[in-house]
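A.B. asks: Here the structure of chain Z is known, so what remains is to put chain E in place on it, guided by the hints.
Going line by line, the protein sequences match chains Z and E.
First residue of the first sequence? That's 1 in this note's numbering, and the numbers climb one at a time after it.
First residue of the second sequence? That's 1001 in this note's numbering, and the numbers climb one at a time after it.
For the record, the hints were derived by calculation from the structure and aren't laboratory data.
Since the structure is predicted, the reported quantities are computational estimates derived from the model, not experimental observations.
Each hint should be verified, as a subset may be incorrect.
Mimicking DSBU-like on lysine-lysine, the simulated pairs with C-alpha atoms at most 30 Å apart in a straight line are [as the list claims (entries may be wrong)]: (1) K1213(E) <-> K110(Z); (2) K1213(E) <-> K345(Z); (3) K302(Z) <-> K287(Z).
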Amino acid sequence: MSVTLPLSGIRVLDFTWVGAGPLATRFLADFGAEVIKVESRQRPDPLRITPPLARGTDPLERSGYFANRNANKKSFALNMEHAESREVVMDLARVSDVCAQSFRPGTMEKWGLGYADLTSARRDLIYLSMPLQGNSGPHATFSGFGATLVALSGLHDLCGDPDRLPVGTGTNYPDHVPNPMHAAIAVLAALFHRRRTGQGQEIELSQLESTLNVLGPALEKALVGDPPARAGNRVVHACPHGVFPVLGVDRWIAISVMNDDEWRGLLDAVGGALLPFSDLVSLASRKAHEAEIEDRLSQWTKERDGETTSELLQSHGVPAAVLQTAADLLAEGSSLRERGAFVWKDHPVMGRSVYSATTPRLSRTPGAVRTAAPLLGADTEEICLELLGYSRERIDGLREAGVLN
Amino acid sequence: MDSLEGIRVLEFSDDLGAYAGKVLAELGADVLRVEPRLDMLNRLSIDPDVTVGRFLHRSKRVITLNPDSSLATEEIEQLISGCDVVIDAGSQLASYGIDRHAYVVSRPELIWLRVTPHGQESVEDQWSSDLTCSAAGGFLGLGGWPDRAPTRAYGDQTWRMASLYAAAGALVALYEREASGHGQEVDVAADEAAATGLENALQFFDLEGQVRKRVGAGYAEAGSGVYASADGHVFLMVGRLSTRAGWANLVQWMVEDGALRAEELRDAHWQSQDYRTTTEGQTTFREIFEGFSTRFGKAELYLEGQRRSIALAPINSPTDLISNEQLAARGFFGEFEGEIVCGPPYRLGATPWRVGIGEDA
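In isolation and in its complexed conformation, chain Z is listed as follows:
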């Protein structure tokens, strides 16, 4: 029996690009929303030219970075700099449930396509804007990108070893999980409200404020005069809590001893390697010797195989896991691959390539990666004909005028 996807019947008019927005709309698409991604040959999504790239020479259709964020979507080529595009967007809005955009504040309004304009076409529209620092305030129109946000939010400062420059997470983390997921959550809450009341609404997600929410305790500690500082892998409430070398080139094991039972388990597991510290049965006493414990533990782990060591520590009730690289994760038999965390899809230009699977897993109406990322403009014709009901003459005219491009 085929199950109807939970968001089937929901249409999303998607102007988001680059980082966070496209992952938010992909989440909706995975669960059945019809997402129409609007871009143009004049201004394609910049990720289309961003590595990693599949082999070949196509200038816009080879990026794995782009593909993963845009699976399950349709692509509609529309040159927003052309005056006639506004009418096309209004026609699209009329048949859409959600409009999402991540432009600098004022961009949609400049085109006459702000919230007030679009709700004149679709009264119960849910309209999501995802500006970097909000639509108001003295920094609202400041430019920036993923790395800017990591720096602005405090995340960069809080990560890394205390004796060196701050390093952040090594990624534009806010773009990959906190901001897309907060955005998806807000849209889903608004859809739920609309289903119960018929009322649409405007949602503003400041990417800075969204990111600050996953760092909330750091801010609230600063507010009471106790600001945290970067501490490598250490945390106040556990010891040892770190990442230690194992056999192999650049191979590591994460070990975290969160309480005294786990410490006793660690002492048993390492068979005397931590003997000088065996009396340190309280957190406070271990903290007083943290560097020495870490050093001694490193001496013990570095002679050992990661997986074997992880299994040994687990068998003694100690949280431990081998650090996985992308190659490890994608290898046949890896636990995440076995769980189905990755899927491979065929793409007309890229061939077969990997996508993150839909998470979370819903038991009765699961989401899925059904189609690879779209070629730019792949669905323009079909959408004009079937969804907007444009005549052949009109479509040809819009093409000739450079509107649909």
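C.D. replies: Relative to the frame of chain Z, chain E by itself:
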């Protein structure tokens, strides 16, 4: 009216799933958190810092169960019979002998969030933490210095990622239930959640055979990365990709300001990424630029950098943020029961985010 008005959520969770409860509560659900028994704490991941607890739980009602375990099990069964969503994260609920599968038949409209370190089908007796799940999902490997061990993301981000997916899954299931009348299970694994945060690392290996690793404070390239200011650090990105014009704008600013050796940065070899990635290029740029940048505060560099279209951002500390003029102008920080608290992750026009426990709870 709140988005989730009338939705009752029962939370049995350590920090792994606690942010999911917070998200649902602040969208208007009535979230009842059942505090774990003290003897369970060793198997649960709970940051003992009271600030963390207040942040995660201030919008929930909190109860403790009868200390008699069999009476507590009865209480739980009663509580479940009156709720729409169960957040079942960590081992707390299982230790009362509650079998989630039993409810598939008896309460088919129930939505059950199962949030675990490695997935609900994984070995029950695995020992995990935010750090080990970050390692298992690969996220840990991208941060830190190449000559040292990788370093974690601050603030239990693996747990936050798992919670975000759980909350989003709950909302999909609630939306679907309005049409079908049926609930379902939502399965979130923290290590899988962390593996969605790898940026493009999976695709780099798949398409180009490259294993991405940690790179220290930024790109190993002159013009891109972390540099000193008078009061801390800034993140600068000029020269690379679309920021080429930023290089010229930056050098112009430095020249106007009379910065020593700024003219050298106009030499043709700086146009080449090959030169910018040499040790000599990186060291020389740092000397010249920091001779300039350490004369200004990071906020001042940011404002003037914006005026001149230069991608430069202050590396804010939490203390910088609580006096940030943009956040202040937007009223981001609010007050709750006499404390200043973190504001909303999103602003919904008709059904606003709210902190604290709803009136009808």
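A.B. asks: Does the alpha-carbon distance linking K1213(E) and K110(Z) stay inside the 30 Å limit?
C.D. replies: violated (42 Å)
A.B. asks: Below or equal to 30 Å on CA atoms is what counts here, so check K1213(E) against K345(Z).
C.D. replies: holds (25 Å)
A.B. asks: Please verify whether K302(Z) and K287(Z) have alpha carbons no more than 30 Å apart.
C.D. replies: holds (22 Å)
Comparing the model with each numbered hint stated earlier shows that hint 1 is the single one that does not hold.
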